[in-house]
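Participant: Hey, can you work out the whole structure from these sequences and the hints?
2 protein chains.
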Amino acid sequence: MKKLINSPENVVLDALKGMEAAHADLLKVHYEPNFIARADAPVKNKVALVSGGGSGHEPMHGGFVGKGMLDAACPGAVFTSPTPDQMQAATQAVNVGKGVLHIVKNYTGDVMNFEMAADLCRADGIEVESAVIDDDVAVKDSTWTAGRRGVGTTVLAEKICGAACEAGATLIEVRELCRKVNARGRSMGMALTSCTVPHAGKPTFSLGEDEMEMGVGIHGEPGRERMKLKPADEIVTMLMEPIISDLPYRSGDEVLMLVNGMGGTPLIELYIIYRKAAELAKAAGLNVTRRLIGPYITSLEMAGASITLLKLDDQFTKLWDAPVHTPALRW
Amino acid sequence: MKKLINSPENVVLDALKGMEAAHADLLKVHYEPNFIARADAPVKNKVALVSGGGSGHEPMHGGFVGKGMLDAACPGAVFTSPTPDQMQAATQAVNVGKGVLHIVKNYTGDVMNFEMAADLCRADGIEVESAVIDDDVAVKDSTWTAGRRGVGTTVLAEKICGAACEAGATLIEVRELCRKVNARGRSMGMALTSCTVPHAGKPTFSLGEDEMEMGVGIHGEPGRERMKLKPADEIVTMLMEPIISDLPYRSGDEVLMLVNGMGGTPLIELYIIYRKAAELAKAAGLNVTRRLIGPYITSLEMAGASITLLKLDDQFTKLWDAPVHTPALRW
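Read top to bottom, the protein sequences are chains A and B.
According to this note's numbering, the stretch in the first sequence is residues 1084 to 1414, in order.
According to this note's numbering, the stretch in the second sequence is residues 1084 to 1414, in order.
These aren't lab readings, by the way, just hints derived from the structure by calculation.
There could be a bad hint or two in this list.
No distinction is drawn between identical chains; accordingly, a pair holds when it is met within one copy or between any pair of copies.
Said to hold, decoys possible - With a straight-line cut-off of 30 Å between C-alpha atoms, the simulated DSBU-like cross-links for lysine-lysine are: (1) K1365 x K1127; (2) K1401 x K1365; (3) K1401 x K1129; (4) K1100 x K1313; (5) K1365 x K1085; (6) K1263 x K1311; (7) K1181 x K1150; (8) K1100 x K1311; (9) K1285 x K1181; (10) K1313 x K1085; (11) K1129 x K1085; (12) K1150 x K1365; (13) K1365 x K1100; (14) K1311 x K1285; (15) K1129 x K1181.
Facilitator: This is how it looks when you write it as structure tokens:
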């Protein structure tokens, strides 16, 4: 296992301390239980947005804490759900009485723990609602997931809902908005290599020198098919077809395209993917009016990429364009 | 060789077409000869800034084209200097009579070709000046370089000089500013793995499963020493010591720290590195007032990281903070 770490035990804590040292202007890291909150939390007069999940997907979610996006994020151990007490503490820290929305990726542990945390917070008198992201079209059920996995659309939901919170939406409005983003977002990914969970010390799965995993999950869960490596354009075609066919797009629809790197794939390859994906979107009559290209929801050092399409409307576009100031997204 | 590409021959062209499709609002890609210019080039009433170098280091340089940074960038073949005709065409395209500064990383081919292009442009009546970046403290001479290699400080010089151009600096002022940035910037990097140049089809160098290369160059050039893998904190200490000791810092100096990923290293590891690097800077009496953490000057899919320190003054800080709108840097 080759990693720039001190020890498997310290990966998450060391990284949190790095984030704290780097971004004190934007966020404050709380320990025991661990969560990352906006430096100016709690922010008056708005619904608060909390997310979280296993570490190893950086910048998700901690890198999305800041003005216009998340109020707090709860980092679990690597590829492990955060615990209810983290979520409860984060929710308490950002609540100002307008309610708190939990954005939850659809993995069994995350869903269960966020539900438990929501119950605990409600018992404290905090209004909490949840929205689950399950946008991965690759497989129906998966390791650690009943139903579809939550992947790239999470980034888009956190941005769009964060903007809505800033604009004064109510808790129920933001919850419905998040569900609408999820309903209109579709993703699929693939891997050229496995990743290695620090504690495990060996690759999560193994691929031959000429193989790839189509439809891989962000924790290295099996996808649709293991097959021989193909040229990028063919890979993109195999990712785009299930994404486009899963949602009833109409010619002329405006979409946001996220081409996401899995952690070990360099930007030059993501642009090669974007070229073909944009071409296929155009051929399908879709108008890509917004895009994001880079490593936004990673899987440690996995080499691979995923594509997310989100069907836009005027509301989504306006909220996407609204100012954001976080470590990973800023405009 | 596992890459998301179509063929080694098409890597650069496919990626350029992806950039063009993705960032038409910010830049325009010109072909034969290839260069990337601001969408609104030539921009009236300012000195123009042009850089370039081999591809495979994305987002450098094309991702830094836009308002507040580069007017144009020339992408060569992977790890190969662009040709003088690319540089000449780019220089002509952005020149508005105020002069053009070439920012050149210190590699023999780049320096020679930029000199040739400058001569060609001067023969056309364009005022051209050059500034060379040679900030890598790892080794004195290297494969493809007489003197120190140009690495991370290039990103900082392009940002700071781009802001100065927007603010109305003259050609000579921007040239001197760039040289001052170079004089105050120091970098060193290391690799956990090699990268594979697409045309070569096999790794540039080989490292054992428990080895790393300290002081590696951005093309995989040999560094100071190949050694057994160590914990991140020890690696950071070995990178910071030569950087700090090379420049006569004084206690209380303000610095900008860039923790750069080499392409295959995920963000979680960069934050682990930042934590220790910031701690060591503090112990040396340095005050890290600005920072940048992420993959900004990569080496294809190489796993590894580099650290750059730039000694700030009020002028540098102000220019660093000035607005920038490029694919890779935006605020």
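Participant: State whether the alpha carbon distance between K1150 and K1365 is at most 30 Å within one copy, between copies, both, or neither.
Facilitator: Classified as between; 28 Å across copies, 33 Å inside a copy.
Participant: Classify it for me, K1313 with K1085: is the Cα-Cα distance of at most 30 Å met within a copy, between copies, both or neither?
Facilitator: Both, since 27 Å and 10 Å are each at most 30 Å.
Participant: Within a copy, between copies, both or neither: which one fits K1365 and K1100 at a CA-CA cutoff of 30 Å?
Facilitator: This pair counts as between: shortest inter-copy Cα distance 15 Å, intra-copy 44 Å.
Participant: Pop the pair K1401 and K1129 into one bin, within, between, both or neither, using alpha-carbon distances up to 30 Å.
Facilitator: within (18 Å within a copy, 33 Å between copies)
Participant: Checking an output row: K1401 and K1365, CA cutoff 30 Å. Within, between, both or neither?
Facilitator: within (22 Å within a copy, 42 Å between copies)
Participant: Which holds for K1263 with K1311 at a C-alpha limit of 30 Å: within a copy, between copies, both or neither?
Facilitator: The answer is neither: 37 Å in one copy and 51 Å across copies each exceed 30 Å.
Participant: Is it within a copy, between copies, both, or neither that the alpha carbon of K1100 lies no farther than 30 Å from that of K1313?
Facilitator: between (40 Å within a copy, 20 Å between copies)
Participant: Measure nothing new, just compare the shortest in-copy and cross-copy C-alpha distances for K1285 and K1181 to 30 Å and report within, between, both or neither.
Facilitator: neither (45 Å within a copy, 57 Å between copies)
Participant: At 30 Å max between alpha carbons, let me know whether K1100 reaches K1311 within a copy, between copies, both or neither.
Facilitator: between (41 Å within a copy, 26 Å between copies)
Participant: Check K1311 against K1285 for me: Cα-Cα at most 30 Å, and say if that holds within a copy, between copies, both or neither.
Facilitator: Both: 23 Å inside a chain and 19 Å across chains, each within 30 Å.
Participant: Given identical chains, is K1129 near K1181, meaning Cα to Cα at most 30 Å, within a copy, between copies, both, or neither?
Facilitator: within (6 Å within a copy, 49 Å between copies)
Participant: I want to check one pair: K1181 and K1150. Are their C-alpha atoms no more than 30 Å apart within a copy, between two copies, both, or neither?
Facilitator: Within. Shortest intra-copy distance 17 Å satisfies the 30 Å Cα cut-off; inter-copy 39 Å does not.
Checked against the numbered hints given earlier, this structure breaks hints 1, 6, 9 and 11; the rest are met.
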